[in-house]
Amino acid sequence: MSFSEGHKFSEDSKQHLAQIIDNINAGIWEYNINTKETKWSSGFYNVLGYMFGDIECSNHVFFEHLLYHQDKPTFLSALNNNQYNPSNSVQIRLLTKTAGYQWFESTIKRYNDESGQVIYGSIISIHQYKQAELQAAHNDRVYSEAISIAKFGSWELDARNMDLWLSKQLYDIFELQNQVKLSLDEAISFFEPNYRATIQGAVNNAITYCQPYELELKLRTAKNNLIWVRVKGIPIIDDFGKCVTVRGILQDIDHSKRKTLTLESSLNLLTDQNRRLQNFAYIVSHNLRSHTGNLQFMVSLHEQTETPEERTEIFGHIKSISDSLNATIEHLNEIVKIQTEITNERKLIDIEKLFNNIQLALKSNIEALNAHIEHDFSKCQHINYIPAYMESILQNLLTNSLKYAHPDRSPEIKCYTLKERNHIYMIFEDNGIGIDLERYGDKIFGMYKTFHQNPDAKGIGLFITRNQIEALGGTIKVESTVNIGTKFTIKLV
Amino acid sequence: MIVTKSDVSACIIDDDPIYVYGFKKLIKLRGLHSQITSFSNGSQAITWLKNPFNIPNLPDVIFLDVNMPGMDGWEFLQEFAEIKSQLGKKISIYMLSSSINLNDVYRAKNNVDVVDYIFKPISGHQLTELLGMMQETEETKIQKYKS
Numbered sequence: 001m002s003f004s005e006g007h008k009f010s011e012d013s014k015q016h017l018a019q020i021i022d023n024i025n026a027g028i029w030e031y032n033i034n035t036k037e038t039k040w041s042s043g044f045y046n047v048l049g050y051m052f053g054d055i056e057c058s059n060h061v062f063f064e065h066l067l068y069h070q071d072k073p074t075f076l077s078a079l080n081n082n083q084y085n086p087s088n089s090v091q092i093r094l095l096t097k098t099a100g101y102q103w104f105e106s107t108i109k110r111y112n113d114e115s116g117q118v119i120y121g122s123i124i125s126i127h128q129y130k131q132a133e134l135q136a137a138h139n140d141r142v143y144s145e146a147i148s149i150a151k152f153g154s155w156e157l158d159a160r161n162m163d164l165w166l167s168k169q170l171y172d173i174f175e176l177q178n179q180v181k182l183s184l185d186e187a188i189s190f191f192e193p194n195y196r197a198t199i200q201g202a203v204n205n206a207i208t209y210c211q212p213y214e215l216e217l218k219l220r221t222a223k224n225n226l227i228w229v230r231v232k233g234i235p236i237i238d239d240f241g242k243c244v245t246v247r248g249i250l251q252d253i254d255h256s257k258r259k260t261l262t263l264e265s266s267l268n269l270l271t272d273q274n275r276r277l278q279n280f281a282y283i284v285s286h287n288l289r290s291h292t293g294n295l296q297f298m299v300s301l302h303e304q305t306e307t308p309e310e311r312t313e314i315f316g317h318i319k320s321i322s323d324s325l326n327a328t329i330e331h332l333n334e335i336v337k338i339q340t341e342i343t344n345e346r347k348l349i350d351i352e353k354l355f356n357n358i359q360l361a362l363k364s365n366i367e368a369l370n371a372h373i374e375h376d377f378s379k380c381q382h383i384n385y386i387p388a389y390m391e392s393i394l395q396n397l398l399t400n401s402l403k404y405a406h407p408d409r410s411p412e413i414k415c416y417t418l419k420e421r422n423h424i425y426m427i428f429e430d431n432g433i434g435i436d437l438e439r440y441g442d443k444i445f446g447m448y449k450t451f452h453q454n455p456d457a458k459g460i461g462l463f464i465t466r467n468q469i470e471a472l473g474g475t476i477k478v479e480s481t482v483n484i485g486t487k488f489t490i491k492l493v
Numbered sequence: 001m002i003v004t005k006s007d008v009s010a011c012i013i014d015d016d017p018i019y020v021y022g023f024k025k026l027i028k029l030r031g032l033h034s035q036i037t038s039f040s041n042g043s044q045a046i047t048w049l050k051n052p053f054n055i056p057n058l059p060d061v062i063f064l065d066v067n068m069p070g071m072d073g074w075e076f077l078q079e080f081a082e083i084k085s086q087l088g089k090k091i092s093i094y095m096l097s098s099s100i101n102l103n104d105v106y107r108a109k110n111n112v113d114v115v116d117y118i119f120k121p122i123s124g125h126q127l128t129e130l131l132g133m134m135q136e137t138e139e140t141k142i143q144k145y146k147s
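Sequence lines, in order, name chains A and B.
Going by UniProt numbering, the first sequence opens with residue 1, and the numbers climb by one from there.
Going by UniProt numbering, the second sequence opens with residue 1, and the numbers climb by one from there.
Hints are not guaranteed to be accurate.
Coverage of chain A stretches by chain B, computed from C-beta distances (three or more under 8 Å per stretch; other residues unrestricted) [said to hold, decoys possible]:
1. 286-293
2. 298-308
3. 315-324
A partial selection of chain B residues facing chain A, derived with a Cβ cut-off under 10 Å [unchecked claim]:
4. Pro17
5. Tyr21
6. Phe23
7. Pro52
8. Asn54
9. Gln86
10. Gly88
11. Ser97
12. Ile122
For lysine to aspartate or glutamate, the following EDC-like pairs were computed, each having C-alpha atoms within a straight-line distance of at most 16 Å [stated by the list, open to error]:
13. B:Lys24 to A:Asp54
14. A:Lys443 to B:Glu75
15. B:Lys25 to A:Glu309
16. A:Lys491 to A:Glu420
17. A:Lys337 to A:Glu374
18. B:Lys25 to A:Glu303
19. A:Lys218 to A:Glu175
20. B:Lys28 to A:Glu303
21. A:Lys363 to A:Asp350
22. B:Lys28 to A:Glu306
23. B:Lys25 to A:Glu306
24. A:Lys181 to A:Asp158
25. A:Lys97 to A:Asp158
26. B:Lys25 to A:Glu313
27. B:Lys24 to A:Asp158
28. B:Lys25 to A:Glu310
29. A:Lys443 to B:Glu79
30. B:Lys28 to A:Asp158
No lab work stands behind these hints, which were simulated from the structure alone.
Positions of the beta carbon are idealized from the N, C-alpha and C atoms, including for glycine.
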């Protein structure tokens, strides 16, 4: 039996009840739909911070003054719904006397008495609780937004049973639709094959030796996208110092990693170019200086000598210096030309045709040495390249092979092209005298570096060849064995 | 005491024939009366120095070029450091180069066998001074021996 039913209250008890109602920390309100009569308990004023008489007790004041305008629809719909849901309650904001709008919860009930239908309810302050709830919801939203912006997910590996847990964001990074449970091996299989051993090793070390790790790895997502990720793992240890869990994050760093890699490669290119430029400046100064120095030297000797024979002799040297000076200037011109010609149009070159033309130009040389030249450009017959460069490259390599032919055998020269992935390679092989790479290394591509006592050697050909190749983004590598031969591998594009 | 000026024997290792020619000519012109041996690269010089028959003719001073095909100046210095104890004679080495690369200069200054690094072309004045200095050291030796 409920408290209100079956009891007839005496006037005293009613008075007593009214006192109790007035003193509890909740407000009671009542509204008669027919008579528009409104009643608020003193608790009602209290919870809102008003004194009795501060505000007029009316339906109008409630709706137009106390209730926050955005909460009106909520409240009204609660009033109307209430028939079907007797224990209805609604959360609304009401204007308090000093603290502005605050959150309250009101119950809404109705009953009929002789004067008509009455709606009533009690309000209690839920402000602190609501604030905390809103703050928590806000924090959650900020946190999950931050996580999705930072593109990272967390994971946990139980060291005892190797059970792996992945956060929802991690599944997003893996581009896995449903959050299927993955074993450690399955998770590792998402990484590119050459990174798997690294991550497996790091996990093992974390478990066995409690070593934390941070790695940048390449991952292939379920949708076959290749992305760079950073994986961090921290071992959590028990009281005995044994690793019980490895906890960590996995972050999609694809964008920044790719930027870093491009930056790194352009930095390398720049450093390389800078180094070459400085080298070039030294060489220029060295070579020009050695000629001008000699010139000065000879002129001064010419002044000091008296016999006409000696003077003629010295003058002969002055003439040869003048020739060398001219040759050096021409070499420098050629090098500067590489940089200016780079803007020239690339054309589709028939490699075989060009190669045959060059052979024709060197015909007397080839015949004199009884050289046997083979070529096979079937793997790549045409290439988009600056014609002047291609001609110079082929001519230089062929001339070199002839120049450094082995004295005991006739030259066997092979030239062919290859296509691998997106690159075109040209291979140039000979059976010449070769070069001691352990001793000279990359110097063979340096300017004015000569290694054999060959009077024809000027030390400029391979320097120009390398510059032409690299100017178009290619590379040249050399393998050689003394007395066996030399092989150049050129990545053209 | 009468001091006879002893001749200084010099060796020049340089691949530039014009420079070698000029160098020899200059010494002759200056009346320095030195014996001059010349080599066009490091390995020729090393082979010659190693040959025991040449011991009586070992030079007092070597003028060494830096950039040469085959064995260059630096490589010569390495080989020289290995054989110098067997030569039985102190040989002063001057490096000669048209390279004004400071790295080369420092590298030469840090080598114990190198007395100095001289920028090409060497002037007549510089050469007279250098060889004159060598002669003086020879004199001091003789004086020491006599006293």
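How the hints compare with the structure:
For the region 286-293 of chain A, the stated coverage by chain B is satisfied: 5 residues place a CB nearer than 8 Å to a CB of that chain, which reaches the threshold of 3. With 5 residues having a Cβ less than 8 Å from any Cβ of chain B, the region 298-308 of chain A passes the three-residue criterion, so the hint holds. Beta-carbon proximity to chain B at under 8 Å applies to 3 residues in the region 315-324 of chain A; the threshold of 3 is reached and the given coverage holds. Hint status for B:Pro17: holds, given a least beta-carbon distance of 9 Å to chain A, under 10 Å.
Interface hint at B:Tyr21: satisfied, since its Cβ lies 6 Å from the closest Cβ of chain A, which is below the 10 Å cut-off. The beta carbon of B:Phe23 is positioned within 10 Å of a beta carbon in chain A (closest approach about 8 Å), and the interface hint is therefore held. Of the supplied interface hints, the one on B:Pro52 is violated, with its beta-carbon coming no nearer than about 25 Å to a beta-carbon of chain A, more than 10 Å. For B:Asn54, the interface hint is violated, since its Cβ never comes within 10 Å of a Cβ in chain A; the closest pair sits about 21 Å apart.
This hint is violated: B:Gln86 has a C-beta 24 Å from the nearest C-beta of chain A, more than the 10 Å allowed. Nearest Cβ of chain A to the Cβ of B:Gly88: about 30 Å, over the 10 Å cut. The hint is violated. For B:Ser97, the interface hint holds, since its Cβ comes within 10 Å of a Cβ in chain A; the closest pair sits about 8 Å apart. Given hint, B:Ile122 at the interface with chain A, holds; its Cβ is 8 Å from that chain's nearest Cβ, closer than 10 Å.
Our distance criterion of 16 Å between C-alpha atoms is broken by B:Lys24 and A:Asp54, whose separation comes to about 121 Å. Using a Cα cut-off of 16 Å, the hinted pair A:Lys443 and B:Glu75 holds, with the two alpha carbons roughly 14 Å apart. Straight-line distance between C-alpha atoms of B:Lys25 and A:Glu309 comes to about 13 Å, which keeps the hinted pair within the 16 Å bound. Taking the CA atoms of A:Lys491 and A:Glu420, the gap is near 10 Å; set against the 16 Å cutoff, the hint holds.
Under the criterion of a C-alpha separation no larger than 16 Å, the hint pairing A:Lys337 with A:Glu374 is inconsistent with the structure, at around 31 Å. A C-alpha spacing of about 12 Å is found between B:Lys25 and A:Glu303, which places the hinted pair at or below 16 Å, so the restraint holds. For the hint linking A:Lys218 to A:Glu175, the alpha-carbon distance of about 14 Å falls within 16 Å, and the restraint holds. The hinted pair formed by B:Lys28 and A:Glu303 meets the criterion: a straight-line CA distance of about 14 Å does not exceed 16 Å.
At roughly 20 Å between alpha-carbon atoms, A:Lys363 and A:Asp350 are farther apart than 16 Å, so this suggested pair is violated. About 13 Å separates the Cα atoms of B:Lys28 and A:Glu306, which keeps this hinted pair within 16 Å; it holds. Proposed proximity of B:Lys25 and A:Glu306 is supported: the alpha carbons are some 13 Å apart, at most 16 Å. Pair hint A:Lys181 plus A:Asp158 holds up; C-alpha atoms about 14 Å apart against a cutoff of 16 Å.
Distance hint between A:Lys97 and A:Asp158 is unfulfilled; the C-alpha atoms sit about 56 Å from each other, more than 16 Å. About 11 Å separates the Cα atoms of B:Lys25 and A:Glu313, which keeps this hinted pair within 16 Å; it holds. Under the criterion of a C-alpha separation no larger than 16 Å, the hint pairing B:Lys24 with A:Asp158 is inconsistent with the structure, at around 85 Å. At most 16 Å may separate the alpha-carbon atoms for a hinted pair to count; B:Lys25 and A:Glu310 meet this at roughly 10 Å.
Between A:Lys443 and B:Glu79, the direct Cα distance comes to roughly 20 Å. Violation of the 16 Å bound is thereby established for this hinted pair. For the suggested pair B:Lys28 and A:Asp158, the alpha carbons sit about 90 Å apart, so the restraint of at most 16 Å is broken.
Hint violations for this structure: numbers 7, 8, 9, 10, 13, 17, 21, 25, 27, 29, 30, all remaining hints satisfied.
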